[in-house]
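Sequence lines, in order, name chains A and B.
Residue 186 in our numbering is what sits at position 84 of the first sequence, and the numbering runs on without skipping anything.
Residue 1058 in our numbering is what sits at position 439 of the second sequence, and the numbering runs on without skipping anything.
Careful, some of the hints might be misleading.
To be verified - Selected chain B positions facing chain A (in silico; Cβ < 10 Å):
no. : residue
1   : K794
2   : V1212
3   : P1346
4   : P1348
If you are wondering where the hints come from, they were derived from the structure by calculation, not from laboratory data.
Since this is a predicted model, take the numbers as computed values, not measurements.
Here a beta-carbon is modelled for each residue, glycine too, at the ideal position from N, C-alpha and C.
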Amino acid sequence: MHEDILQGLEKRFKEALDTAQDAVSVEKVRAQFLGRSSGEITLMLKQIAELPLEDKQYYGPRVQRLKTLCGEAVERALSAHLTATDEVLDPTIPGGAPPVGSLHPLTHLWRDLEHIFSRMGFLVVDGPELESEYYNFEALNIPSWHPARDMQDTFYIDTPVGSPRFVLRTHTSPVQIRAMRTYGAPLQIVAPGKVFRFEATDASHDTTFHQVEGLVVGHGIGLTHLKGTIEAFLFALWGREIAVRLRPGYFPFTEPGFEIDMQCQICGGSGCPVCKHHGWVEFMGAGLVHPHVLRAGGIDPEHYTGFAFGFGLTRLALMKYKIPDVRMLLSNSLDMSHQLQGLI
Amino acid sequence: MNILYSEIKKLANIPDSVSAYEFAEKLTAHTVEVDAVQPLAPECSGFVVGVIESITPHPDADRLKIATVNHGGTALAQVVCGGVNIYEGMRVVYARPGVKVRWHGEGDPVTLEPVPVRGVMSDGMICAANEVGLGHLIVQKEKEVVDLTAWGGVPGEDIARVLGLDDYCIEVDNKSITNRPDLWGYWGMAREASAIFGTKLALPEIHPPTSGSADIEFEVQTDRCLAYAGATVRCIQGAHTPWSILKVLAIAGIVSRHPVVDRANYAMLMTGQPFHAFDHDKVGEKIVVRLADKVETFVGLDGTPRLLEDGDIVIANKKEVLALAGIIGGRESAVTDMTTRIALESAVFDGLAIRKTSQRNALRTDASARYEKRLDPTRTEQSLHYLVELLRDVVDVDSIGITQVVQPSVQEGVVNVSASKIRSMLGFSVDHIRIESILASLGFGVVYDTHDDIFQISVPSWRATGDIASPEDVIEEIARMYGYAYIQGEPVQASAMRDDMQRMHTATDARKRAGDVARALLVGAYGAHECIGYPFLHENDRKKYFTETAQAGLVGLKNVVNEEERYLRPTQIFGLMNTARERMKAGTRKGVVFEVGHVFTMDHGRYDIGGHDTGTLPAQPLMLTVVGWGQESWFESAKGFVEAYLRALDRDASSLEWNMVSETSNKVYGNQCVLAKNHAREDVSCMGAVARRDGVTVTAHMFALELNVDTLLSMPSMQWMYRPGNPYPTISLDQTIECDQSVTWYQVLDGIQRVQHGVSADDVQVQGIYFVGSTQVGSEHEAATKRKSITYRLEIGSPFRTLQKHEAISLQARVRNQLLDMFPSMTCESMEDGNH
């Protein structure tokens, strides 16, 4: 390599750029000198690696500098040419997609729910995924001897004998207690999050899934409010009136407790395999907050009442996006990312 | 729990016009969830009663016989049959040609046609239970056909009618009766049904039998036995269990064993009160109820030997343990076909004790499931009387003896509820007459005080063991019987956010925003794909990447679903690396994936444990983790992202302190790992190139970056404020320096700032960093032989005037001298400059 080669190169570049009459020719010049694989300057940069140390130290920065200058010159020339064009634009060519990625389907739904509940005046709060037995069970009126502990298969954390026992929370309900203790009454919160069950997995069961908890505490809060709020939420979520059905259900932390069914969104309530021909699908557990739970949250049940509800965000996602197997959600398949690409 | 509809219908006087499906719907709406309604014998149509008139041997087959069957038609049918139990005069299930039959109970049903069997025409078929879809109801031996003789019926009569199969099994969801011990029996269900349909409950009347005391001594030594009644009976020979009882047992999944035991099980299904039957001769003369000693062992009916523990309630004689109370009987004292004298037990044990023992032994039985719900202790004797009544035709009536050993203490609960409380919880008012009639129909006593507007409610014993104890419990009874369908919804009015709530919510809100901003930035600017993963750490990763010390900080699980997932993830890297590898394998040459989620370590976290414990839960920080692959110069991209992310969250990225680290808690990274700490010297971000599976670090292969959202958010906010722009053009100066590799950019920047005060990091831009020279292997000055060339551009200007070229050149010279001063081995070269 010699100094004059470098100068010759620079000279030829300048001449070529000067004679370029339009943007296309400028791009050709760029390709000739700066092209990624065989541009003359690019090639020269690659050669430097093979030079003896002394030459490398001398020429390295120079060629680098030349590359930068030429690049800038090309950009300047391009912008000068881009103002006028005689090309015929074909509006039917495919658009060049910007490099946008994808959000997880659960995030899409999560965000929708946050927006809906925020508009309805609910505070969005969070809580720990690894919980104490106290918050996950005791404070929710499920003492250790209670058979209801069996209703939820629980992952226990390996802690030394005699120390407090921890679990992976089996529901988002412990956030009710934490929120009441933090914020006091009156209160309106929702808490979406991950929950965990110690059970074998299949197409509709997974060890890890998402729930949304809701809690309203105030003066004179009753059943009518619970029903009305759920109806309003479903209307916002599906964009149309959705019939709901309350029926007795048992949760130790509510009294009375309900299962809330919603009209099947596949058949519209006339009966289909998805709703097992009932016209209804189970959607959430709910109820008026049990006085013991209010007390555990530091709220006097003589002054305040409340209602709470919980539903499967995961289940809703499966329903809404017609995903056939729950395990697809946390396996993060490329397929799903591709389909969701650009949906942000 | 499975219930035979016809039984409930009878007990609750439900009119015939109410179908099983309608019944199930009403029960679901008012009381408990019905999972399904199953017709008792869905495939059992077209089969009729046949009577075998004669049997002759088959000329060509030893195991087959030719039977002539009277099936009510004009002619007898000739049927080739392999049933080993057929005899002349036997009533059988006969299938005419044209009927669909499931051959040997397997495969799809096929239509029967007259066909020759080994050369003899067979006109129809004599069926086994599973061939007509009755395998679950009628238990029979191999190669036997159904013997209907005991049921009677005329030839040609539909067997569905003869067997009473025009019936339904109502499958109640057990979870929904967890809190209702009274519903673990037909009688309790019937009470609900009669309340729902407004019909008159028709439970059997029970009269105390006139009998002497039991022929055995009972002694209860523990107060964990709340009530105990015993009886002794002598069996009579040739007794059997009638079909009406067998059907009820069969759909409950209880196998018929002995006429007395079957009736005891039936009585349990009816009353909800479990019974146990001992072989009196094997028990001896005394039965003791006591707590176990530590050393005792016991072999149950299931043949499994079990070691007992303190606190287990046992039934024992002088020698040994006879039964694990309320859970399972013993093999030795079990009733068999040989048994002649039977001792019966009707008791209520402490639910918690039963539950503990049953859980420890992983043994749940029909009895223990009922006991742990806390049964009504006041009905042991009455239920025993009912059982004895059922036994009258299978025992010697004169032999019956009954002893009430422990009288339960009766504690009828009283709950006072005001009408206003009812109104406020429901959101509407219900007429007091309606309230009284609802509660009365469920067995509550109600006194309404019109003056104070208060209902004084006495709780029936079967609801008083914990189920109904507060006004809320009573209000639920009123609401569900009134009907939730009639409630008009009224959305709750959004209450204004209180000032203190707003303040306390800041941190939660900031975390949420941090997640949202990360998603927006990564998805929008980097084309990244979001992932959400499981909370577990795979054993392979744990063993491969974690040092022993690091493993001590992991959070382990006590019970695992998958043996390969015994710990909780301390980082989200591995899940993302797997996703990245899968995508690389699928041919995606470059990409970025990320997750916003929680990780777990044994450090102290910020959440309290609650209850009586003052400590905190293990740490579970919110992390943002990014894994990229196929990217050149990973470090610039990774650091660039961190800076952009901090900027997006209005945090000062320049306050981070960046250092190479040689050791991290996991061994994922190769020799290039960088840690960034915040102003408080807390770790904010760790990033590095991931070593390939072969251990070689290849920068373009894969890199990972972790950010702790909590420590990031603790950094002070920058508070952007408007700065007036510089009205005069600036001059940019390019300089290239070549120095030892050990010289850092911060040092160079520092040198420049010493010469020109007020130059910020933003005013000096690195144009390129470039390594020159080659490492001489084995050289003592290894690090020194390879040198680094840095080209940067310095942008200077004055707010008062346009700078002159000579000023710029002079500045350049001063910078050069300063740097040469600081790094004597450096060479420096100034390039062109230009006005902008």
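Structure versus earlier hints - violations, ascending order: Hints 3, 4 are the ones this structure does not satisfy, whereas the remaining hints hold.
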